[in-house]
Amino acid sequence: MSKVVEVSPTTRHEGHSKLVLKVNDAGIIERGDWLSITPVRGIEKLCVGKTMHQAPKISSRVCGICPIAHTLAGIGAMEASVGCEIPQDAYLLRTILQCANRLHSHALHNILTLPDMYIPGTDTKINPFTPEEPVRTVAKRLQRLREVGQTVGEIAGGEAIHPSNPRVGGMYYNISPQAKQKIFDLAKEALPLAIAQMEFMIAVLKNWENRGTVTVGKTEVEIPAKFGYHDQGYMAVDPVFDSSSLDFEPKWDPDRWTDVSPYNWFQGEMEVSLEDADYPVGGTTKAGTKTWPQMQACTSVPLYDGQPVEVGPRARLVQFKNYDRKGAMGLQIARQLEYPDCLYTMMEALDALDCNGSVLADEIPQGDGSLGWNANEAPRGCDVHLARVKDGKVQEYTLLVPTTWNFPTCSRALEGAPWQLAEVIMRAYDPCVSCATHMLVVDESKKIVAQKLVQ
Amino acid sequence: MDYLGKYKSAVAARSTSAEVLRCSQDGGIVTSMFLYALEEGIIDGAIVAGQGEKPWQPKPIVATTPEEILSSRGTRYNVCPNMSVLKESVRKYGLDKVGIVGTPCQIQALRKAQLYPVGLRDVCDKIALAMGIFCMENFSYQSMTQIVQDHCNVDLHSLKKTDIGKGKYWAYTNRGAVSQIPLKLTHKYEQPGCHVCLDYVANLADISTGSVGSPDGWSTVFIRNNNGENIWNKAVAAGIFETKPIESVKPGLELVTKLATEKITKNQKELEHRATFGVNKGLRNPYI
Ligand SMILES: Cc1cc2nc3c(=O)[nH]c(=O)nc-3n(C[C@H](O)[C@H](O)[C@H](O)COP(=O)(O)OP(=O)(O)OC[C@H]3O[C@@H](n4cnc5c(N)ncnc54)[C@H](O)[C@@H]3O)c2cc1C
Ligand code: SF4
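Taken in order, these protein sequences are the chains called A and B. Sequential numbering of the first sequence, starting at 1, is according to our numbering. Sequential numbering of the second sequence, starting at 1001, is according to our numbering.
These are computed hints drawn from the structure, not numbers from a lab. Don't take every hint at face value.
Calculated cross-link-like contacts (lysine-lysine; reagent style DSBU-like; alpha-carbon spacing at most 30 Å) [what the hints assert, rightly or not]:
| id | chain 1 | residue 1 | chain 2 | residue 2 |
| --- | --- | --- | --- | --- |
| 1 | A | Lys-188 | B | Lys-1126 |
| 2 | B | Lys-1168 | B | Lys-1234 |
| 3 | A | Lys-393 | A | Lys-251 |
| 4 | B | Lys-1087 | B | Lys-1059 |
| 5 | B | Lys-1006 | B | Lys-1258 |
| 6 | B | Lys-1166 | A | Lys-140 |
| 7 | B | Lys-1126 | A | Lys-180 |
| 8 | B | Lys-1097 | B | Lys-1281 |
| 9 | B | Lys-1006 | B | Lys-1166 |
| 10 | A | Lys-140 | B | Lys-1097 |
| 11 | A | Lys-182 | B | Lys-1126 |
| 12 | B | Lys-1059 | A | Lys-182 |
| 13 | A | Lys-188 | A | Lys-206 |
| 14 | A | Lys-180 | B | Lys-1087 |
| 15 | B | Lys-1281 | B | Lys-1112 |
| 16 | A | Lys-182 | A | Lys-140 |
| 17 | B | Lys-1184 | A | Lys-182 |
| 18 | A | Lys-182 | B | Lys-1234 |
| 19 | A | Lys-50 | B | Lys-1087 |
| 20 | B | Lys-1244 | A | Lys-180 |
| 21 | A | Lys-218 | A | Lys-22 |
| 22 | A | Lys-226 | A | Lys-206 |
| 23 | A | Lys-218 | A | Lys-290 |
| 24 | B | Lys-1097 | A | Lys-182 |
| 25 | B | Lys-1059 | B | Lys-1126 |
| 26 | B | Lys-1054 | A | Lys-188 |
| 27 | A | Lys-182 | B | Lys-1087 |
| 28 | B | Lys-1087 | A | Lys-140 |
| 29 | B | Lys-1258 | B | Lys-1244 |
| 30 | A | Lys-321 | A | Lys-206 |
| 31 | A | Lys-188 | B | Lys-1269 |
| 32 | A | Lys-180 | B | Lys-1281 |
As the structure is a prediction and not an experimental result, all values here were calculated from the model.
This is chain A alone, in the form it adopts within the complex:
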């Protein structure tokens, strides 16, 4: 007889979500739903009618961990719609900003991941807040990496959280030679730290995978061999930056994308029948509670070629570097492997940057309502923004955000794992639920489906 257990809210990720898990007698997940219960803010709706300059500044506020992605994808979509090519030096500054944000974001995610992990060779779980070694050194290194990322973001992007420098047509300003030198110094300082952090994390993640069993609360559970495996495909447009409909060879195709409503994807109404008061911290949902994923999920379900796909660090490495490690730890390890490139790419872009170069297009067309899109490789994966701009005003604006893509994929990846480890799989996706929560649902013919669900 299967039972239903619910973890709500989930922790150590951005935003508000829950896990509704149907498990067998051994507590192994037969079918899992991971869903957003973050209130819909309706960014896409409220941007309609606003100017093309304003909309991306609004969508930046979707999320404060990866605002760079939404700012750049939003602006990129506007530029793609109006047909505006930006100058090379603006592109380089955006690249630097992109790398800086990825560096900070991955380091932040390490802090969220580590409490699940053990100090290799011991049964001690890692508490990033402990003043004791060897963890203290790691925590300090992570904070320095984040500081470097945020400082570089401030200089190249104007602001680390909600960058002010990017604008439709390029950037508001170039940086001074002194500022360029400062970024270079910071990148040089961060590179060995990033490599050390990458090596440390990979050792810790592999150690976890090879442990056999781990303790969650008071329960010792076995790690299954195919922990977090799924059969969905991958989607990525670039190892580092982006692709847009202005590209000579665009790496994403709007015709392959469809949306389904959560009603068609998630489980129906159920009653929680299994509870564990010892699940850290505060226990699971009380038995007898009604739960209804298909009605409660606050995201749409975007599909690529009719299937949910995985986006993020592993998807990028699979597409561009023949990476083949599967499972939740495979995804985690892929994320660590991206560390050095954040800094190498930043330094290459700096080398090419001309501080006296113009950073604003000579002409910024006002748009005729054509569809344009930009897919930004956010820290968590491909963030596609689609827009139609006419006479400088936004007519239509859609955000297909990484965690939105990952929700259904990750739900599939939960199957076969003990329910106590469901959050470990979920965290491997570095979820950003505020990012994921948006509300338009379109069907195969790209028509907006009536909103019977999301009130």
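Go by the hints and put chain B with the ligands onto chain A.
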């Protein structure tokens, strides 16, 4: 009421550099200080009033070279929003140690930004030297144009220097002519916002300076806090400034105190007046 603010010492001083003095407003304190601080690595740039689009219209700039600092010498008696580039100085210019000059209200803005950094992330810890200049009142660009062109009858393009002193507004031309008008003619052109200002000698700066109290070509200087004192002492030891005890110069602190008292008393009255400006209602008071 503490009319001159807190300070550790006050002196009369002037720059020892003839090059600075050639175009500075008074003793060249601000310019020499920034040149010295830049050279010594105390600051890596300074926010000063550069040259704007129109003649005698200042524009805030982030100066990172001695040339840029030198070319912003002299008082422009109209508004220059120096704080507007504060954030930019640590962003696109990448400064770590910012020098900044400003009127008392601008130094207030700076200190408020440091204590309550609303929208000013990573700015407050990068302020290395705040130079305040005395200020009785300021004018809009249109006002200043009108005063100089209509009242003083001097074309802005031939204007070499303007000064307020001894109850008069002075305009000096490049070809040596001087014209002056009584200050009371300029009152209607003052910025209304200046009428609620309760600070004359930049009480919140590290070092503040102005002309009043010292002879022509010299400046009155208040060294206000540890940071100001450290830098000032080093600069004096390095021979950047010539100093005299403020007690030994005429008219000295007595006149500074008198003018400060006048400004603050007058503006406090204005604030009280605003409290009962309407019938059973008043205007806002930012100090409460
Ligand atoms: C609006 C105004 C009113 C003033 N009122 C008085 C007064 O009542 N009594 C008095 O003793 N002194 C007053 N001063 C100060 C005085 O005019 C000199 O600025 C001061 O003595 C510094 O002279 P200095 O030779 O040391 O500076 P300098 O070496 O000549 O440097 C002056 C510095 O001031 C900056 N500056 C110029 N114009 C402005 C502006 N509009 N806003 C902000 N910064 C500016 C310049 O960029 C430069 O860095 C006033 C100044 C201003 C701007
Ligand atoms: S009088 Fe006060 S408010 Fe007016 S410019 Fe001077 S310091 Fe600022």
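The hints, checked one at a time:
Only pairs whose Cα atoms come within 30 Å are accepted, and Lys-188/A paired with Lys-1126/B is accepted, the gap being roughly 22 Å. Distance check on the hinted pair: Lys-1168/B and Lys-1234/B sit about 36 Å apart at the alpha-carbon level, beyond 30 Å; violated. Distance check on the hinted pair: Lys-393/A and Lys-251/A sit about 26 Å apart at the alpha-carbon level, within 30 Å; holds. For the hint linking Lys-1087/B to Lys-1059/B, the alpha-carbon distance of about 16 Å falls within 30 Å, and the restraint holds.
This hinted pair checks out: Lys-1006/B and Lys-1258/B have alpha carbons roughly 17 Å apart, not beyond 30 Å. At most 30 Å may separate the alpha-carbon atoms for a hinted pair to count; Lys-1166/B and Lys-140/A exceed this at roughly 60 Å. At most 30 Å may separate the alpha-carbon atoms for a hinted pair to count; Lys-1126/B and Lys-180/A meet this at roughly 18 Å. Using a Cα cut-off of 30 Å, the hinted pair Lys-1097/B and Lys-1281/B is violated, with the two alpha carbons roughly 46 Å apart.
Restraint check: the Cα-Cα separation between Lys-1006/B and Lys-1166/B comes to about 26 Å, which is no more than 30 Å; the hinted pair holds. A hinted pair counts as satisfied when its Cα atoms are at most 30 Å apart, and Lys-140/A with Lys-1097/B qualifies at roughly 24 Å. Among the hinted pairs, Lys-182/A with Lys-1126/B is consistent with the structure: their alpha-carbon atoms are about 14 Å apart, no more than 30 Å. A distance of roughly 26 Å separates the Cα atoms of Lys-1059/B and Lys-182/A; the hinted pair therefore holds under the 30 Å criterion.
Distance hint between Lys-188/A and Lys-206/A is fulfilled; the C-alpha atoms sit about 28 Å from each other, no more than 30 Å. The straight-line distance between the Cα atoms of Lys-180/A and Lys-1087/B is roughly 17 Å, inside the 30 Å bound, and the hint therefore holds. For the given pair, Lys-1281/B sits about 29 Å from Lys-1112/B by alpha-carbon distance, which is consistent with the 30 Å threshold. Taking the CA atoms of Lys-182/A and Lys-140/A, the gap is near 21 Å; set against the 30 Å cutoff, the hint holds.
For the hint linking Lys-1184/B to Lys-182/A, the alpha-carbon distance of about 51 Å lies beyond 30 Å, and the restraint is violated. For the hint linking Lys-182/A to Lys-1234/B, the alpha-carbon distance of about 28 Å falls within 30 Å, and the restraint holds. Straight-line distance between C-alpha atoms of Lys-50/A and Lys-1087/B comes to about 27 Å, which keeps the hinted pair within the 30 Å bound. A distance of roughly 44 Å separates the Cα atoms of Lys-1244/B and Lys-180/A; the hinted pair therefore is violated under the 30 Å criterion.
For the given pair, Lys-218/A sits about 21 Å from Lys-22/A by alpha-carbon distance, which is consistent with the 30 Å threshold. At roughly 14 Å between alpha-carbon atoms, Lys-226/A and Lys-206/A fall within 30 Å of each other, so this suggested pair holds. Proximity of Lys-218/A to Lys-290/A is assessed by CA-CA distance (about 26 Å); at most 30 Å being required, the pair is judged to hold. Our distance criterion of 30 Å between C-alpha atoms is met by Lys-1097/B and Lys-182/A, whose separation comes to about 13 Å.
Distance check on the hinted pair: Lys-1059/B and Lys-1126/B sit about 22 Å apart at the alpha-carbon level, within 30 Å; holds. Under the criterion of a C-alpha separation no larger than 30 Å, the hint pairing Lys-1054/B with Lys-188/A is inconsistent with the structure, at around 44 Å. For the hint pairing Lys-182/A with Lys-1087/B, the CA-to-CA distance comes to about 16 Å; that is within 30 Å, so the pair holds. Among the hinted pairs, Lys-1087/B with Lys-140/A is consistent with the structure: their alpha-carbon atoms are about 27 Å apart, no more than 30 Å.
Pair hint Lys-1258/B plus Lys-1244/B holds up; C-alpha atoms about 21 Å apart against a cutoff of 30 Å. For the proposed pair Lys-321/A and Lys-206/A, the alpha carbon gap of about 20 Å is at most 30 Å, so the pair holds. Of the supplied pair hints, the one linking Lys-188/A and Lys-1269/B is violated, its CA atoms being roughly 59 Å apart against a limit of 30 Å. Proximity of Lys-180/A to Lys-1281/B is assessed by CA-CA distance (about 54 Å); at most 30 Å being required, the pair is judged violated.
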